[in-house]
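Asks: So the chains spell out like this:
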Amino acid sequence: MTTADIGTPAARAFRRERRGVVPEWLAPWLFLAPAMFIFGVVLVYPMLYSIWLSLFQWDGVSPVKTWVGIGNYVELFTANRVFWIALKNSIFWSSLSLIVPTSIGLALALVLNRAFRGSAFFRSVFYFPAILSMSIVGLIWGWVYHPNLGLLNQMLASVGLSAWEQSWLSDPKISLIAVFVAGTWHNAGLPMLLFLAGLQTVPKEALEAARIDGANALQSFWYVTFPLLRETTMIVVAITAINSLKVYDIIYVMTYGGPANRTQVLGTWMYFLTYNHNEVGLGTAIAVILFMLTLIFAVPYTRYMVRSR
Amino acid sequence: MSAVLTSTASVPIATRLPRLRIGGALFYLVLSVAALVWFSPLFVLVFTALKSAQDFGQNGAFSLPTAIEWGNFAKAWKIGIETYFINSTLLTLLKVPTGVFICSLAAFALAKMRPRGGETVFTIFVLGLVVPIQMTLVPLTILYQELDLIDSLPGLFFLYLGFGLPLGILVLRGFFRSIPNELIEAAVIDGASWWDIYWRIMMPLARPAVVSLLILDGISTWNEFILAQIFIRTQQNRTLPLGVVQFSTEYSTAYELLAAGQLITILPLAVLYLLFQRHFVHGMAGAVK
Chain F
1 MTTADIGTPA
11 ARAFRRERRG
21 VVPEWLAPWL
31 FLAPAMFIFG
41 VVLVYPMLYS
51 IWLSLFQWDG
61 VSPVKTWVGI
71 GNYVELFTAN
81 RVFWIALKNS
91 IFWSSLSLIV
101 PTSIGLALAL
111 VLNRAFRGSA
121 FFRSVFYFPA
131 ILSMSIVGLI
141 WGWVYHPNLG
151 LLNQMLASVG
161 LSAWEQSWLS
171 DPKISLIAVF
181 VAGTWHNAGL
191 PMLLFLAGLQ
201 TVPKEALEAA
211 RIDGANALQS
221 FWYVTFPLLR
231 ETTMIVVAIT
241 AINSLKVYDI
251 IYVMTYGGPA
261 NRTQVLGTWM
271 YFLTYNHNEV
281 GLGTAIAVIL
291 FMLTLIFAVP
301 YTRYMVRSR
Chain Y
1 MSAVLTSTAS
11 VPIATRLPRL
21 RIGGALFYLV
31 LSVAALVWFS
41 PLFVLVFTAL
51 KSAQDFGQNG
61 AFSLPTAIEW
71 GNFAKAWKIG
81 IETYFINSTL
91 LTLLKVPTGV
101 FICSLAAFAL
111 AKMRPRGGET
121 VFTIFVLGLV
131 VPIQMTLVPL
141 TILYQELDLI
151 DSLPGLFFLY
161 LGFGLPLGIL
171 VLRGFFRSIP
181 NELIEAAVID
191 GASWWDIYWR
201 IMMPLARPAV
211 VSLLILDGIS
221 TWNEFILAQI
231 FIRTQQNRTL
241 PLGVVQFSTE
251 YSTAYELLAA
261 GQLITILPLA
271 VLYLLFQRHF
281 VHGMAGAVK
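So the sequence lines, in the order shown, correspond to chains F and Y. Numbered by this note's numbering, the letters in the first sequence go through residues 1 to 309 in order. Numbered by this note's numbering, the letters in the second sequence go through residues 1 to 289 in order.
Because the hints were derived from the structure by calculation, they are not lab data. Among the hints, erroneous ones may be present.
[Claimed, not checked] Here are the simulated DMTMM-like cross-link-like pairs (lysine to aspartate or glutamate), alpha carbons at most 25 Å apart as the crow flies:
1. F:65 x Y:148
2. F:88 x F:171
3. F:65 x Y:146
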């Protein structure tokens, strides 16, 4: 960064002379004030208050909050069976998210990065679900999975695989996977876009050289393209991890955490505990735990964003 | 070995072409089938929305409509979607420009005025990008109860402003920093104030970034679900995503109306996407990298 900017003493003095209504040091803070005020009210203050609330037992209504220290956290880990299901499901969902939608995105990017007639069209087609809201994606796929009328079971029946028909969302063994597939439809788009952008930076000469040296497609991908996509991959991994830990809408819409709480994740269980069971202390404790989990990925990512800009 | 390969690399364009053509046809075939499968949930949605209830009962969701039934849209519109659509449209049209304006002020200060402590402020803003929304829900509920902003669209507007800030500031700060400082120095010598510099020089130059951001922010505002779900209580104040979800519990067997409602929600996005695709893709890629 060339800090030979407008901050040169001469320029500062000059401007002070000319105006002087607003002191020089104050000006930037006036520009920042609206954003900082709103951000403080909507994000910073609530976050700190949530941490504080997680140390109390409270039903959200009564004027009395009982101090329990880390009691809520202890209770979650020792006595709240659904919390464990939600924690396991969240980790399962995020781990799978790091592999499946990202790989699909990478594969699509590699195929669609080539210049061929219609490549822009195909990119639009595969990216489109990514601009839909997760709640609408949930509704559309709820429909795909409908036991009698749904696309999936009808397709299976029409190719003679009636035996494979399932009630996809009400069978606890497969419901989370079924929701995950729906999520992947939406979540593959962003990695695809990022990998496409990353592929622009892979020099053609490098690939040409690999080809001349006798590398087949797989080898040139593994030894040339993929190492050059390292930075993109890291960004994709960070964003995917953070977003997948936050998953909420699609589960709320498709299964409502059921059957029998088997598809709860941290995000939904926080909501149900707080707003349906009036366990505000436990709910905010889950929110804090969820936040800690995202920080594992968020801290390096945030550092990178702040430094590289 | 390399000798052999070098020779193949230099000669064979002519000999390779035919193979490429067969490969090409196969390539298109595979890709088209994949695209069809990828889009099949949406096809079914469109078919369902265009079918009469009777046609649906006889032939299921999977078949083409026997006759196109536009009435579904009118019916869905009348029994609620209209209200949700108006709410969402108003909210998006008011929130997005306001939010982008506030972001641009902050981003300009952080990129070009560079106050002491600005890096810390920026880091906190960026952290907002990763915070799970659940971290804020309970205190916001308490605050909104006190301020009597539960079930109010202006209340929701304010929340949307806040949660849109991190991405907007990130995108615009990055763009502002790419504008050379010499421009500013020249303006300062000419006696321009910071406001002049921001409004007359930076904003016109930042137009592409601003357009991308308007679109990105428009889409996420249009799509937002969880805040609306928690803070909106009555039917008249529902936004589209919330309304359509509630709609599907209220009319759970009127499949053709549900599909029509969902399609109405998607349609503006699809139009926007087709019109501004280039901006959109660039903005998205630029935002997170």
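Asks: Could you run down the list of hints and mark each one as holding or not?
Replies: Hints versus structure:
A C-alpha spacing of about 22 Å is found between residue 65 (chain F) and residue 148 (chain Y), which places the hinted pair at or below 25 Å, so the restraint holds. As the CA atoms of residue 88 (chain F) and residue 171 (chain F) are separated by approximately 18 Å, the hinted pair is consistent with the 25 Å bound. The suggested pairing of residue 65 (chain F) with residue 146 (chain Y) holds, with an alpha-carbon distance near 17 Å, which does not exceed 25 Å.
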